[in-house]
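A.B. asks: Protein sequence lines correspond, in order, to chains A and B.
Just so we're aligned: 205 in full-length UniProt numbering is position 205 of the first sequence, and the numbers increase by one with no gaps anywhere.
Just so we're aligned: 254 in full-length UniProt numbering is position 254 of the second sequence, and the numbers increase by one with no gaps anywhere.
Zero decoy hints are in this set.
Computed list of lysine to any residue pairs in SDA-like fashion (alpha-carbon distance at most 25 Å, straight line):
#, chain 1, residue 1, chain 2, residue 2
1, A, Lys-22, B, Ser-375
2, B, Lys-151, A, Gln-51
3, A, Lys-22, B, Lys-151
4, A, Lys-66, A, Phe-17
5, B, Lys-149, A, Leu-10
6, B, Lys-149, A, Ser-11
7, A, Lys-6, B, Gln-148
8, A, Lys-6, B, Pro-158
9, A, Lys-291, B, Leu-111
10, A, Lys-291, B, Asp-353
11, B, Lys-149, A, Glu-7
12, B, Lys-682, B, Glu-628
Hints listed in this document are in silico derivations from the structure and should not be mistaken for laboratory results.
As the structure is a prediction and not an experimental result, all values here were calculated from the model.
Residues per chain, in single letters:
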Amino acid sequence: MPGADKETDLSERIESFLSELKRCGSGAGSLRGSAETARETTALLRRTTAQARWGNAGELMEIIRKEGRRMTAAQPSETTVGNMVRRVLKIIREEYARSRGSSEETDQQESLHKLLTSGGSSEDNFRQHFAHLKANVIEAINELLTELEGTTDNISMQALEHIHSNEVIMTIGRSRTVEAFLKDAARKRKFHVIVAECAPFCQGHEMATSLCKEDIETTVIPDAAIFAVMSRVNKVIIGTQTVLANGGLRAVNGTHTLALAAKHHSTPLIVCAPMFKLSPQFPNEEDTFHKFVSPHEVLPFTEGNVTQQHLTPFSTLKTEIVNKFRKKKLTQK
Amino acid sequence: MYVSIFFCSRPLIFCPTLHRSRWRKCAARVFGSREKTRRRPNAAEERNVCHVAAPLTPLSNMAGKAGKPSRPRKADKDEEEQPLQAVLVADSFNRRFFPITKDQPRALLPLANVSMIDYTLEFLTSTGVQETFVFCCWMASKIKEHLQKSKWCRPTSPNVVHVITSDLYRSLGDVLRDVDAKTLVRSDFLLVYGDVVSNIDISQALQEHKQRRSMDKNVSVMTMIFKESPPGHKTRCEDDDIIIAMDGKSKRILHYQRAQALKRLHFPMNIFHSGSDEFEIRFDLLDCHISICSPQVAELFTDNFDYQTKNDFVRGLLVNEEILGNQIHMHVTKDGYGARVSNLLMYDTVSSDTIRRWVYPITPEANFADLEGQSCTHSRHNVYRETGVSLGHGSQMEENVLIGRNTMIGANCTISNTVIGANCVIGDNVTLDRAYIWNRVHIADDVKVKQSVICDNVEVKHGVVLNEQCVLAYNVVVGPDITLPEGTVLSMHHPDEEDDEDDDEFLSDDNDVGYRKDKTKLKVFNPAEVGSEGKGYRWKTSSLEDTEEDELAECIWGEIDFRFSQFLTQSYKISFRNLGKQLTSLLNQFLYHGGKFYKSLLKKWAPVFKNYVKRPQDQLDCLASMEEVFLERETHWAALVKVLMSMYQLEILEEEGIMHWFNQGSTTDKSQQLRRNQGLLKFIQWLQEAEESSEEDE
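Let the hints inform the model, and build the full structure from the sequences given.
C.D. replies: Here's what the structure looks like:
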């Protein structure tokens, strides 16, 4: 039976994605970019929409929610997955509303009064069957995918507005967005980049090599030298892993130092973050929030018997530090 | 010619200028005694090794930098479409975990609340294995049931698991012969045990292996995977200490020897004539018990039906290398973690390593086995909590703690370095340190537990204190108000049930289902052993004093005389020389423990000695090897008399032998000094007098 085949194929894909997420590299160095994760998640959800069995929007949303929960649970520190699931759910709701007829506008801008009076009835409404819903949803998800593909380009398009000639720019670790951003600016402008190496994973080294290839003048400094060098820096440009709901950031280790130093010297800090990194999470759940990896990088196994080591590839930035810059400079798309 | 010697993290490198015979001498001195090799090179050794180059790590650098790891599946898609296969041996073929393994096979014992076999399967799956054959023998049905329920047997699993059971497997050799007979493997396969915990990325080793195979067909049959870890590292298990001589360039193993308790290491000269000019002698390796084998390995096991273990196989191949033309290579990993849970000490270490995240991404909170409701949260100081854990007022989870679901912990408890399973109830004022508590355990108030294993459904009553290395096997009840001495092992099975098959040490973890039926003789629990309300038997003899228990503890926790008993069964063909070696190691152990309980040990092994020490020549050999031991330890000379005396009393040695040995012209000053020892002289005098008096009687 072809239907059953499809379903096992689908669940096989989901399983392999989940285990991939769980394994997700043995250190921050080999993490995949979150753009890739976002794309994969969306593609998987599109496949679910196409292949799972559902009769109406409500059922589809149930399925997506269920899978989404599993995916987010697989790697709680990867917020991108959850964000994409939420986006897809929103798409379904929109498409459903559109299929229901011209009420799209009113539905989207439901008044507070209406929300209060209608109660849970809106949930019931998703039970209506529409023949075209599937095609429409898939179409909309495809649009989302195209948008995701273009995010990095869209951000780097704005590079020239921020980077001027002969500036000294500091960055930390390796962010694909920042990399593209700098490279784009380098086509027209000449500037100097200082990369903090971001120990112990030292993604900064990779970043520097990659920038050098584009003929950008690059210097690698140890994390400890950030403050010393900061006085000469005109701008700090960083990437991030997540933008939290309170405006804080969760970014690679060392970013906190960098931001504090930048604040001390009143150097502008620009955070390059695509849309899918905005997360509704608050940084109050310390437990699931951090990601701890093997202590191997800090202290080789052969060295022995140290009782306690913690290594997390990400640090959290308190809102206070970033806040001031964020409103003006957060490059959003 | 370069020879590097690794016995700590820094290698010593002998330069080509050093004359061959000279470096051999150096090497002999460096490895002169095992004790020496176990610590970092001291000044004297540095002096010996005069041509020491700067501490480089040539090998590890090479291994670390050779290319980014890539999934093996993708890498060689173009050449071969053969899926990677693995053979998983879910039986240990020994009884280290006795009496726990009487109720549950070793592969299913929980390690950080997940069965060990799940770790192994996760490792295999994440390295890209697509087909796994699980061989089980002891309690095969339980393993099968477990696997069928697990995620590995779901249709979506990328790794297809086949379970093959038979009661006839007695060793690894039998399993591999069966693999060959059934022609299960088509290409290279991974060979692992069911109790290996690892996160090593073997794709690089696999590639190297394939490359070697394609370069000269069928010469290299096996690649063994090792992890660097210096002697004395806690994850090293003394059982598995090995010393390896290898070709530095091709990574070919030239010599492989278990270094366990060996005083002197011999390297056959011919291995250094093999054409290469770079050798490494390494003592800093931990055998991960993971090997990449070609199908020939199974064939070789069939051809040589006397191969029982991997050790036999490796040694056999190396000895017959010139005849068969097969080679073994090795791969040393720096990054990954790999260890085998081969005894309870290793269980302790591997558990704590898992909790300390060395095996990342296989960590408790990852819930890799995908068990329902097993998800847990991870917070600072490596505290993991599953759902439904309740913690009383004032209780502290200090560090490295894992608590299973629905476990209730009372007030004012202190818990550190501990794993607690699901549905346990723990009372107030309990102190747990390095405790491994499995599921559904009840622990009452005011209990103290140190480095112990407590199995399923055990009840520990009020005020019990468990000292180091205690084991409470399934369903035991202990207490109230009793202190169990160090190394106590309690089980619901009476040790006497064992006697029947004790003569066959090669039984796999035990197949005595038949024997157990004769439970007609009802035994009474001894309240002195388990407390007034306790249920359980102290394992093995409890009549002798503490020394016996110590020894027993080492039996289950470590190794002391396991090999000796192994020896017993194997050894009717082994010469006395070999026994002498064992004897020396045994003596070493006595001295090591302050010589306190040599008597009971000697008594125990007296029959063995008697069997071997028959002819006068044997006696001389025996005495000579003893002398050798004592010569090295001047401080213990006083003990020599005691040992001699008890051996005389046990009728192992006869007076003629001792006299002959004593009167023998000794060559060195030191041995003469030994003979002039006050106690010894008295003993000899006493012997002479006894002889004379007996003659007079006649």
